[in-house]
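Asks: Chain residues, written in single-letter form:
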Amino acid sequence: MDTIAVTAKPAIGKGFRLQWESAQSAHVLLYPEGMIKLNGSAGEIMKRCDGARTIADITTDLELCFATSGLDADVAAFVSMALAKNWLELRE
Amino acid sequence: MNAQVSRPGPPLWLLLELTYKCPLHCVFCYNPTDFTRTGPELKTEEWLRVLREARALGAVQLGLSGGEPLVRDDLEEIVGAAHDLGFYTNLITSGVGLNEARLQALKTAGLDHIQLSFQDSTKEMNDFLSSTRTFELKSKVAALIKKYDYPMVLNVVLHRLNIDHVEEILKMAQSMGADYVELANTQYYGWAFKNRDRLLPSREQLQRAEETTKRFREQSGQNMRIFFVVPDYFERRPKPCMNGLGSIFLTIAPDGCALPCHAARMLPGLDFPNVRDASIESIWYDSAGFNHFRGDSWMKEPCRSCPDKAKDFGGCRCQAYLLTGDAANADPVCDLSPHHHLVTEAVARTERPYRAEHPLVFRDHR
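These protein sequences, in sequence, are chains A and B.
Each residue of the first sequence is one higher than the one before, counting from 1 in this note's numbering.
Each residue of the second sequence is one higher than the one before, counting from 1001 in this note's numbering.
In short, the hints are calculated from the structure, not lab data.
Remember, it's a predicted structure, so these values are computed and weren't measured experimentally.
Virtual Cβ for every residue (Gly too), placed ideally from N, Cα, C.
Don't take each hint at face value.
To be verified - Derived coverage of chain B by chain A (criterion: at least 3 residues anywhere in the stretch with Cβ under 8 Å from a Cβ of chain A; other residues may be distant):
| no. | region |
| --- | --- |
| 1 | 1057–1069 |
| 2 | 1266–1277 |
What the hints assert, rightly or not - Cut-off 27 Å, straight-line C-alpha distance, at most; resulting in silico cross-link-like pairs (DSS-like, lysine-lysine):
| no. | chain 1 | residue 1 | chain 2 | residue 2 |
| --- | --- | --- | --- | --- |
| 3 | A | Lys37 | B | Lys1021 |
| 4 | B | Lys1021 | A | Lys47 |
| 5 | B | Lys1194 | B | Lys1214 |
| 6 | A | Lys14 | B | Lys1021 |
| 7 | B | Lys1171 | A | Lys14 |
| 8 | A | Lys85 | B | Lys1147 |
| 9 | B | Lys1107 | A | Lys37 |
| 10 | B | Lys1171 | B | Lys1194 |
| 11 | B | Lys1043 | A | Lys14 |
| 12 | A | Lys37 | B | Lys1239 |
| 13 | B | Lys1239 | A | Lys14 |
| 14 | B | Lys1194 | B | Lys1147 |
The shape of chain A in the complex, shown without the other chains:
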């Protein structure tokens, strides 16, 4: 599988909507007649995917927010999985 450039800008896929659901204490991804409940880290990544920030920006921001480092591989793996499921799409 091709690696995705860290300069790519992921956005929520067409037909999907991301929102916080307090009743489930989770971010959920809504799509026609369905819903995916995201775990904490998936939610944190997805909510930063606004089509404006690059994967590098998102990774840096996460590392800053959670006072950690070396998240590159985790973010890349999640983004590539989410792209395959159309949860995310890439903007130029």
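Starting from the known structure of chain A, arrange chain B on it as the hints suggest.
Replies: Positioned in the frame of chain A, the structure of chain B alone reads:
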């Protein structure tokens, strides 16, 4: 009493049947056959209150259905309110009554998704198969749906009288530019149950249709995704209907009756509350009607000791009631059910020719 051992989760899926009114007369409609006897429809304000209360509990997917929801001239207002509350809004429509002005207003109001169902009576099916009026209407609506940047999702209900035309149906869907086609075999409730012996396909018809669908899928590639839903009468294990009654689905009928499934109104001895008299919270968590089929204490054998009971919840309560007269029985689709022969006999009857003394009953307003 241990009814509160595990408090159910929220009603994540809310279906509003805004009206039983419909310009069509489909023989497979699952609306109750005595729908004309139900009380007046909820007013706009009442629907909006239902939306607010259900959303506050955690409801997030919204289906707007009927009847034909476009019959309600407040549909745009209801969609707008639902969108503002954070619902993902799905319109389930025949497309009759959908013009550009209304679609534009619905889009502006925040409608997320449209499922165009294919209406079908014998006459309309003939229209359809001969590419005349119905096709023109669907094509017009399909073009509008695409123009407003929605995926084009076509739902076609299959039965004995049209299942041999699956190839034509798929070709037509393709020429309409459908992105998704759901070939959904009829489920036998309401008018469809009344007409079951005329609508249930034979095993051979079903196999042919599945093969045609498979071939078409291979030829047409990924542009049009096709789903084929097998009629459960041909299965040996029941469907996990509604994921168990009262677990995630909440339906509000046109008159405000709250139901754990759109067909549950037929179940005898259950008192389903009305949103005019009670809050959604008390209906969902506290009403006897909603608590009755939660958990497994209602189950009889063979379900009670079955290892699959947490997987299929004993199947469909409405089907159990319709076929065996007792909603607590195992769904007779299951071959472990002592009533399974009722299903296999119905399937066996499909091998015989039609009998004229059982004419089709069209959904009507009498």
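Asks: Does each hint fit the structure? Answer for all of them.
Replies: Verification of the supplied hints:
1. With 5 residues having a beta carbon nearer than 8 Å to a beta carbon of chain A, the region 1057–1069 of chain B meets the requirement of three or more and the stated coverage holds.
2. Coverage of the region 1266–1277 of chain B by chain A is violated [criterion: at least 3 residues with CB-CB distance below 8 Å; count 0].
3. As the CA atoms of A:Lys37 and B:Lys1021 are separated by approximately 36 Å, the hinted pair breaks the 27 Å bound.
4. Straight-line distance between C-alpha atoms of B:Lys1021 and A:Lys47 comes to about 41 Å, which puts the hinted pair past the 27 Å bound.
5. The straight-line distance between the Cα atoms of B:Lys1194 and B:Lys1214 is roughly 31 Å, outside the 27 Å bound, and the hint therefore fails.
6. Only pairs whose Cα atoms come within 27 Å are accepted, and A:Lys14 paired with B:Lys1021 is rejected, the gap being roughly 33 Å.
7. The straight-line distance between the Cα atoms of B:Lys1171 and A:Lys14 is roughly 26 Å, inside the 27 Å bound, and the hint therefore holds.
8. Only pairs whose Cα atoms come within 27 Å are accepted, and A:Lys85 paired with B:Lys1147 is accepted, the gap being roughly 25 Å.
9. Using a Cα cut-off of 27 Å, the hinted pair B:Lys1107 and A:Lys37 holds, with the two alpha carbons roughly 26 Å apart.
10. Of the supplied pair hints, the one linking B:Lys1171 and B:Lys1194 is violated, its CA atoms being roughly 31 Å apart against a limit of 27 Å.
11. Proximity of B:Lys1043 to A:Lys14 is assessed by CA-CA distance (about 34 Å); at most 27 Å being required, the pair is judged violated.
12. Restraint check for A:Lys37 and B:Lys1239: the C-alpha separation of about 23 Å stays at or below 27 Å, so the hint holds.
13. With a CA separation close to 31 Å, the supplied pair B:Lys1239 and A:Lys14 exceeds the 27 Å bound.
14. For the proposed pair B:Lys1194 and B:Lys1147, the alpha carbon gap of about 39 Å is over 27 Å, so the pair is violated.
Checked against the numbered hints above, the structure breaks hints 2, 3, 4, 5, 6, 10, 11, 13 and 14 and satisfies the rest.
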